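Residue numbers (the numbering used here), protein chains in the order written: chain E, 1055 to 1323; chain B, 584 to 887; chain C, 959 to 1216.
Keep in mind that the hints were calculated from the coordinates and are not lab data.
There could be a bad hint or two in this list.
[As the list claims (entries may be wrong)] Interface residues of chain B toward chain E, partial, derived using beta-carbon atoms under 7 Å:
#1 L592
#2 I593
#3 L595
#4 F738
#5 I865
#6 G866
[Stated by the list, open to error] For each label pair, taking beta carbons as the anchor points, the in silico distance ranges come out as:
#7 C:V979 with E:D1226: 34 to 40 Å
#8 C:P1037 with E:I1243: 45 to 51 Å
#9 B:I718 with C:S1129: 46 to 52 Å
#10 B:G779 with C:H1097: 28 to 34 Å
[What the hints assert, rightly or not] Straight line, CA to CA, 16 Å or less: simulated EDC-like cross-link-like pairs of lysine to aspartate or glutamate:
#11 B:K707 with C:E1189
#12 B:K590 with E:E1212
#13 B:K784 with C:E1025
#14 C:K1095 with C:D1017
#15 C:K1065 with B:D659
#16 B:K885 with C:D1107
#17 C:K966 with C:D1055
#18 C:K961 with C:E1025
#19 B:K885 with C:D1103
#20 B:K799 with C:E1025
#21 B:K784 with C:D1055
#22 B:K741 with E:D1287
#23 B:K784 with C:D1017
Quick caveat: nothing in here was measured; it's all calculated off a predicted structure.
All C-beta atoms, glycine included, are put in the ideal place defined by N, C-alpha and C.
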Amino acid sequence: MLRKNKLFIFGLIILISFSLLAVFAHMIAPYDPSEIMENEIQGPSVSHWFGTDDLGRDILSRIIYGGRVSLSVAVVAVAVALTLGILIGSIAGYFGGLFDEIIMRFTDIMLSFPTIFLILAIQSVLSPNIYNVMIVIGATSWMGIARLVRGEFLSLKEREFVEAARAIGCSDLRIIFRHILPNSWPPVIVAGTLGMAGAILTESALSFLGLGVQPPMPSWGNMLMDSQAYLIDAPWMAVIPGLFIVLAVLSLYFVGEGLRQSLNPKEKQ
Amino acid sequence: MTKYIIKRLIQLIPLLIGITLITFFVMHLAPGDPTALFTDPNIKPEELTRIRANWGLDKPVIVQYFVWLKNAAKLDFGYSYISGKPVIQEISERLPNTLILMSISFALILLISIPVGVMSAVRKGSAFDNIFTVISFVFMSIPTFWLALVFMLIFSLKLGWLPSFGNLVLPVTVMVISGLAGITRYQRASMIEVLGQEYIKVARAKGLPERMVIYKHALRNALIPIVTMLGLSLPDLFGGAFIIETIFAWPGMGRLGVAAVFSRNYPMIMGITVLTSLMIVIGNLLADIGYAIVDPRIRYAKKE
Amino acid sequence: MSKLLELKKLSVHYQNNKDIVKAVTNVDMVINEGEVVGLLGESGCGKSTLALSILRLIDPPGKIYGEILWGGNNLLNIPEQNMQRIRGAEISMIFQDPFSTLNPVFKVGEQIAEVFRVHKGSSRREAWKKAVEIMDKVHIKDPADRAKDYPHQFSGGMKQRVAVAMSYSLSPRLLIADEPTTALDVTMQKAILEVLKELKTTMLFISHNIAIISSVCDRVYVMQAGRIIEEGTPAEISNDPKNPYTAKLVNSYKEISI
Chain E
1055 MLRKNKLFIF GLIILISFSL LAVFAHMIAP YDPSEIMENE IQGPSVSHWF
1105 GTDDLGRDIL SRIIYGGRVS LSVAVVAVAV ALTLGILIGS IAGYFGGLFD
1155 EIIMRFTDIM LSFPTIFLIL AIQSVLSPNI YNVMIVIGAT SWMGIARLVR
1205 GEFLSLKERE FVEAARAIGC SDLRIIFRHI LPNSWPPVIV AGTLGMAGAI
1255 LTESALSFLG LGVQPPMPSW GNMLMDSQAY LIDAPWMAVI PGLFIVLAVL
1305 SLYFVGEGLR QSLNPKEKQ
Chain B
584 MTKYIIKRLI QLIPLLIGIT LITFFVMHLA PGDPTALFTD PNIKPEELTR
634 IRANWGLDKP VIVQYFVWLK NAAKLDFGYS YISGKPVIQE ISERLPNTLI
684 LMSISFALIL LISIPVGVMS AVRKGSAFDN IFTVISFVFM SIPTFWLALV
734 FMLIFSLKLG WLPSFGNLVL PVTVMVISGL AGITRYQRAS MIEVLGQEYI
784 KVARAKGLPE RMVIYKHALR NALIPIVTML GLSLPDLFGG AFIIETIFAW
834 PGMGRLGVAA VFSRNYPMIM GITVLTSLMI VIGNLLADIG YAIVDPRIRY
884 AKKE
Chain C
959 MSKLLELKKL SVHYQNNKDI VKAVTNVDMV INEGEVVGLL GESGCGKSTL
1009 ALSILRLIDP PGKIYGEILW GGNNLLNIPE QNMQRIRGAE ISMIFQDPFS
1059 TLNPVFKVGE QIAEVFRVHK GSSRREAWKK AVEIMDKVHI KDPADRAKDY
1109 PHQFSGGMKQ RVAVAMSYSL SPRLLIADEP TTALDVTMQK AILEVLKELK
1159 TTMLFISHNI AIISSVCDRV YVMQAGRIIE EGTPAEISND PKNPYTAKLV
1209 NSYKEISI
């Protein structure tokens, strides 16, 4: 358990640092991320810690602003997924019967798609930008949360406190939101954390393919798209954004796993 | 058990209808109509009208859906905007390559993840377990496309050991690394749960050697949920294939699909979406049937 | 009567960082050949832990202290390989919950037969034959057919019979029965007790039910919070308990049965 604690703390520190970088990007980044500073690609140096890219822009600054983009996409996408998932899952779990059947069928249908390709297909129909990326990722990743919430509702709705609430005349809506939902938040929080990890990976893949965040707005993913042509000459363009993605996702996994263990009473000595 | 299979087969129908519905209507959100892709300025308006009628674009959307669905049921997804060849032909030429990539990768994943997962569970809390847990998390955090780029950089470009394109080794390696962690952790969790069961203690009380307790009594139970995992991993395996094939220029359906997305080749996009979803659905069904076969509690009915 | 098993100052402690849980403390116990010895106590008093420690089946962080004397040896000092030869063959155990003690993926006949294959080196066919014989001995109807069934295809009472068959197959010198009837309903309880009595084997019978213990045992040890607090015949324990806890235990049971 102690070891997991170390990982959890490591993850938390990274996440907090990245969040601070994202929020205060304009104060922390050494340069403007779109400013063309040099005439040629440069490797890491004192003036450019991470070097410059093919257009002469400072990579460190682009990483910091890119972090803001990637993290905000993750947060909003997960917010969308949580909203959809909680709504759908609670209705299915609480009302049961035909509602449950239909909703679960719909969930199964969504789960049968190859998610990445479905997102790509949707993006091919829209004109990709940061906003629809957030929504599309959220709209294709709510299923796991819905199932989770449904499960919680199915078991919780039989408990006494729900009967008691009904007995004093609470409406269904009130029961759902003020009684059952607050009792099911631990697994939802964990799912949300893991969802953010997934969202970062998905957004970066989308942006890498050019169907996500559009340049010149930097995203770790589209920075990697630019790096492909210069793989041999300027490998740092490819390595550095990727490392940041790995760090961000890894931290989210560590934090999520730590939360899962502490919120789960099953861990024996 | 036959009842179980029939029930699942019947459940397929609403699934497939839902898949085709969503695919069709999402694709029809596309602004403009497909004839706008004909960039030949000499095309006469009558030609366009004729083509529109030919493709049934002048009818209401619902009708278009049913026409398309009727054809799709025969695996006729129309013609590629780019090559003009039948979509189904292009897909079937390349699908085997994708399936080869996926099956080899999945076989390797199982070969590695089951022993590692079992070992981690048996030695829970040990250095072995902790190290592999951290490694698993790291592998799960690496974006597939970036891993592909980095491997291409190191092994093809810098070291020159392997060609960048047309070779299976790098694509399989990337796919295996990407998919390894999830299944290893799942196997570990499954084995840990089984090892905590009372019948394991009973097996020891019978004087069975520990190796027998673990590899006969525990493992047989712990492997059952893996069959379900086979089904659940399919969307991710396909997803990985799309990206990996594109980067390594592997001539499979995934690369075809991504190219179709870039060129707004809607018939192809729809065909690939539906077919891939179909494969995922069938894969899940087979996994469920496999589970029913492998778990005696489902395969044989109660008697008392 | 000769001593079969003797426990001397047996203790089982679980150590987790700074906390020590003393599940069993300084237990002295003697089981003579031919006897049925009872161990009476409430749930959680350490009875099962005691039983498991005799077979050295305590998992870390638990540790066993003291002496377990069997056939002139202290079982706590012999190598694990030798202990494996004793388990299931010389000392056997029947567990409490029949629904969780059988492996769900193996046929019932197989689970009994493997005891013969492992301990006696019997061939598959011989072992299977022996398994069917034992199933017959514990009165399972149509044993040849039933041996091919899986545990979930048996009722609770039948499953427990299978468990008895499994542990009795090699005619162990000592049979430990850990609350064998607790998870069963009353009719099944009687049936299992009959089966056990028929075996006429030296037994350590564990239960929280004084009535059942009285019907089966020659002598009884009473356990509370990991310690033996009293010893005697069932009659002595029921009618003339020396320890107030024993009195409470016996009386509360009498109240319920009325």
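Non-conforming hints, listed in increasing numerical order: 1, 2, 3, 4, 5, 6, 7, 11, 12, 13, 14, 15, 17 and 20
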